[in-house]
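Given the sequences, and given the hints that come with them, work out the whole structure.
Keeping their order, the protein sequence lines are chains A and B.
Counted the way this note's numbering counts, the first sequence spans residues 1 to 226.
Counted the way this note's numbering counts, the second sequence spans residues 1001 to 1486.
I should point out that these hints are in silico values taken from the structure, not numbers from a laboratory.
As the structure is a prediction and not an experimental result, all values here were calculated from the model.
Don't take every hint at face value.
Claimed, not checked - Now the stretches of chain B that chain A is said to cover, found in silico as 3 or more residues with beta-carbon under 8 Å:
#1 1095 to 1106
#2 1115 to 1129
#3 1190 to 1204
Unchecked claim - Label pairs and their computed distance ranges (CB to CB):
#4 R222(A) with L1035(B): 40 to 50 Å
#5 L1035(B) with K223(A): 36 to 46 Å
#6 P1223(B) with L66(A): 47 to 57 Å
Every residue gets a Cβ at the ideal spot worked out from N, C-alpha and C, and that includes glycine.
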Amino acid sequence: MQFAHLPPLAASLFSLLATVSLLLSFVMLGSRWISSYLYAFAAESWTIAALSAAVGFYGGYPELYLIALLTALFRGCVLPYLIWQIVRSTRITQEIHVMLQPSTSLVLGAFAVVFALLIGVRIGAQMGLSQTVIILALTVMLSMKLIGFLMLTLRYEAISQVLGLLVLENGIFLGSQILVPGMPLLLELVILFDLLVVVACFGVLVRYLMRHVGSTNTMQLRKLVG
Amino acid sequence: MIETILFIMVGAPAVAALVALIIPLARLVEMVNLLAAIVAFVCVISLPFQVHSNETFLHNYAGIEPLSAWVLVCTGIVYLLASIYAVGYMRMLNEPERLPRFYTLFALFAMTMLAAPLMNNIGLYWIAIELTTLVSTFLIGFEHAAEAIEAAWKYIMIVSAGISLALLGTIFLYWDGSLVLGPTYDMTWQVMQEAAPKLSQPVLLLAFLLMLIGYGTKVGLAPMHNWLPDAHSEGPAPVSVMLSGALLNTAMIGIARFLAIADSAGIGPICHIALVALGALSLLVATLFIIRQSGVKRLMAYSSIEHMGVIALGFGFGGMLGIAGSLYHMINHSLNKSLMFFGAGNAMRAYGTKDIGKIRVFAQYFPVGSMIWLAGAVAITGAPPFGLFLSEFTILRAGFGSISAWAAYAMAVLLIAIFIGFLNQFRRMYDEPALIETSAAGAIPVWCTVPMVLAIIPLLVFGLWWPASFWHYFRLVAMQLGVGGA
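The following block contains the structure:
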């Protein structure tokens, strides 16, 4: 890997930022308030933007500065704003029905992290990579993925499911910044814009849900079975 | 030359979408869409004659090889049939002011499906598949009933979550490759297939499994299939046809190509077994739900899960026979499933219900259309003399000779169960007297019968005669996927 001789300061900075992102997804997992999901998501995106910039600086990938800027702009500002608009139109402020208490979700999330760590260590060992940063990146990426899936399964409100999906994407994006910083710029840009379109589509669908189903609670969506 | 053809093929539906957006005249846009479908059809039909090896253009970002050309043929056929059908079907909905919007989305959906197989870069292919999801979501929710919106929500949620796993797999693949090819490289299918023997096997296996689950969600393999029956039953019938006959194949080639990478990396056996297991499970799930199904379009949707399972088994069994069988099955299934959804849409419109229990004595009301539909039902269960019999038989032969022979036996048993269960549903619709008063209200316009005839003829021909040129072509595909000889 190109980070074989990473200065200790850089390594700790990467680790710090990755850990903060993971922590923020726990904030989302443990809360019932839509607004705290949203703030946590925005903060997570800013953290990832900072990580991109840091990787660009220490790894010598100047194009990552652009990615960092766009991440901060789109994931950190535009997406939260769009979602905030959707939230305002639904007038939902919190999850009313929860499948599991927040504390239980947090414990599940902790198990997810342990599982991700096991996989990360195993892959690192198989590939002969022992740098902490790589293992940490793998762990954070996989745990954010698992936490995103937990949010998708444990939440009923349409908007929290959308945010769960965005956590999945954030996890992948974070991991890709550390594991494959040299990924062609075009791909990263397309993925960023794709996300915007996805959220716009979700905005329209949530509006349809309100108008034609009469609720944004996905518990109401159980007409189609068998 | 070939670049121009592909450009026209993708461009035609794009123009149609643009026209529908700018000039919202219902009669005009349906004809423009039909015209675009004809143009695209002519283009795709010429492809197999011209594509003999891998050709790339646009700086390696796009390309065409025998496999993608074949899938494009299936997509082109389905797009044409569905466009003819849509003219009649969408008029029956009696909402002329919403037609331009429908055709904008419909043509866009066709465009994304025609473009996706051309994506030579694995990352761009992922984006294209994601785009097909986004466009088709609104087609599924087009009728705005609560059920349709529910189906659209489930579809976009499950498929987006699933496909994000494929993105993770793509990142892992890129990472694996970056240790061999340097930090920045073009992640095309060919580059990865060549570099595969040098890649780290555990990471590649992880990437394969993630991609299998990710694209498998889109293909509708069990247990990630739960969006499929809802989406296929709640969208308007032309959309169901496009989803089932074209979209599922488009996602399947991602799995087939990745399997070739796994093969040349030397982790083939375990990947094949994973694919076979998903295929067999899909068949099992489909069988159980077909036998006790009460919705006519859901019946067709579960049949799609069944046939995707069969195609997955074909690729999973591998070898020349497995690949040839799968490819033949793709085109037969595309034709046949279009026919089945056309019939289901007609029945649904005529009786005003999706409930099999309320569709009775179908043949009395619609002598011609009902007979073609019945023939299609016999065909889709894999009975001779139709195309699916030959392709399923070939896949079974491939299975008996492979390491996963157990799955071939399971497949044979399940296919028999499906044959009985599926045709029993048709017996109920054709033969059982009505318990409650049912009546077929509407007449079926000729637009809705013609595509059924157009679908059944090649299906019958392919059942009686497997052209030798197909074999040559399938051999090319097999070579591309790293399988040589017969």
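Outcome of the hint check:
Evaluation of the coverage hint for the stretch 1095 to 1106 of chain B: breached, as 0 residues show C-beta separations to chain A shorter than 8 Å, against a requirement of three. With 4 residues bearing a CB less than 8 Å from a CB of chain A, the stretch 1115 to 1129 of chain B meets the requirement of three and the coverage assertion stands. Note: the stretch 1190 to 1204 of chain B has 3 residues with beta-carbon separation from chain A under 8 Å; the three-residue rule is met and the coverage holds. Hint check: R222(A) to L1035(B), Cβ distance near 42 Å, so the stated range 40 to 50 Å holds.
The supplied range of 36 to 46 Å is met by L1035(B) and K223(A), whose beta-carbon atoms lie about 38 Å from each other. Between P1223(B) and L66(A) the CB atoms are about 41 Å apart, so this pair departs from the stated range of 47 to 57 Å.
In terms of the numbered hints stated before, the structure departs from hints 1 and 6, listed from lowest to highest.
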